[in-house]
Amino acid sequence: MYDPSLGFQQVNDFNPGINPYPDGLFWTLQIPDDSVSVHPGEGGAIYKVSNLQVRDFGDIGSAFNGAPGVPATVSFEVRWSGVEQRLHITDRAAGFAGQFVRGGAQMSWSAVSGDYSYQSDALETSSSDFAETGTERNGVFFPRS
Amino acid sequence: MRQDRLLRALRNPRKRLPVSRRRFIRTSLGTLAAGAVVGPQLFRPQMAYAAGTDPIPVPGSPNLAPFHVWAPIFVDSIDAEPATITNFNGVAGIAYLNGNVTRTNLKTGAVDVLPFLDADMRFMQGVYRGADGKPRQGTFGFV
Chain A
1 MYDPSLGFQQ
11 VNDFNPGINP
21 YPDGLFWTLQ
31 IPDDSVSVHP
41 GEGGAIYKVS
51 NLQVRDFGDI
61 GSAFNGAPGV
71 PATVSFEVRW
81 SGVEQRLHIT
91 DRAAGFAGQF
101 VRGGAQMSWS
111 AVSGDYSYQS
121 DALETSSSDF
131 AETGTERNGV
141 FFPRS
Chain B
146 MRQDRLLRAL
156 RNPRKRLPVS
166 RRRFIRTSLG
176 TLAAGAVVGP
186 QLFRPQMAYA
196 AGTDPIPVPG
206 SPNLAPFHVW
216 APIFVDSIDA
226 EPATITNFNG
236 VAGIAYLNGN
246 VTRTNLKTGA
256 VDVLPFLDAD
266 MRFMQGVYRG
276 ADGKPRQGTF
286 GFV
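So the protein sequences, as listed, match chains A and B. Number 112 in the numbering used here belongs to position 112 of the first sequence; there are no gaps in the numbering. Number 175 in the numbering used here belongs to position 30 of the second sequence; there are no gaps in the numbering.
Don't read these hints as lab results, they were simulated from the structure. The structure presented is a predicted model; accordingly, all values stated were derived computationally and were not measured. Built from N, CA and C at the ideal position, the CB exists for glycine as well. Mixed in with the good hints, there may be bad ones.
Which stretches of chain B does chain A cover? Using the computed rule of at least three CB atoms under 8 Å from a CB of chain A, they are [as the list claims (entries may be wrong)]:
no. : region
1   : 198-205
2   : 213-227
3   : 233-246
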């Protein structure tokens, strides 16, 4: 979140941290299998989680610098839809390949952090600058030869 | 589109532009890179994972080292990998999302409306091999 009254200073950054810092899993944690429903060929997906325990780092600088943050709870629903572009990516340098659909996405969310609660506007009022779903494989599942 | 707004801001620097999370990533990484030169001991690699069942992070973008992640579009190519775990075969999604949120002070009841910009949300679901090399089924969220 950004506060217009403070010159659009960032005032919240919710994420689960980097574990272990700095070269561990980046803002990623295991979630229940039923949190995700995907139709990759159609560009549709739902990613929905309730009461996820994360940290509020305040701003991304603190999140990057390994600050402890404060406990926070977030719930969200993200919906991908539409097909603007289909593409097959093979990146041998990065070691991954995938078939993706680019389209749009929208999100509603809520959170509690410290003395504040947050409730987004309805999902339909949100927008995306970039949205992509698909299938991919990397690491030992990416044939390099 | 955010890119259009960035281009407009570059052409008209007097017009104030909200600093999005991804835009700030680029600034912060410049700071981190400078810190790495001055004090490389701050970023000594420590490839220690909590348990054998845990997923292993992707090698990640050289632009984002020491972190193990790719950031499509602003830091990396639009075709950069969305997943954050390696040895992974499954479905994945990524989105940069914008909207408004109402913040309520639970002590005073004061309410205001703030924008959220380019919130980076991702998921991964499928087979992965953790540090112990065994295949497992799992679902992971990036918040």
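Exercise. If you look at each residue in the region 198-205 of chain B, do at least three have a Cβ nearer than 8 Å to any Cβ of chain A?
Worked result: Satisfied; 7 residues make the cut.
For this session: Count residues of the region 213-227 of chain B with a Cβ under 8 Å from any Cβ of chain A, then say if the count reaches three.
Result: As far as the region 213-227 of chain B goes, the hint holds, because 10 residues have Cβ atoms under 8 Å from chain A.
Exercise. Counting residues of the region 233-246 of chain B with a beta carbon closer than 8 Å to any beta carbon of chain A, are there 3 or more?
Worked result: holds (count 14)
Violation of the numbered hints given earlier is absent; every hint is satisfied by the structure.
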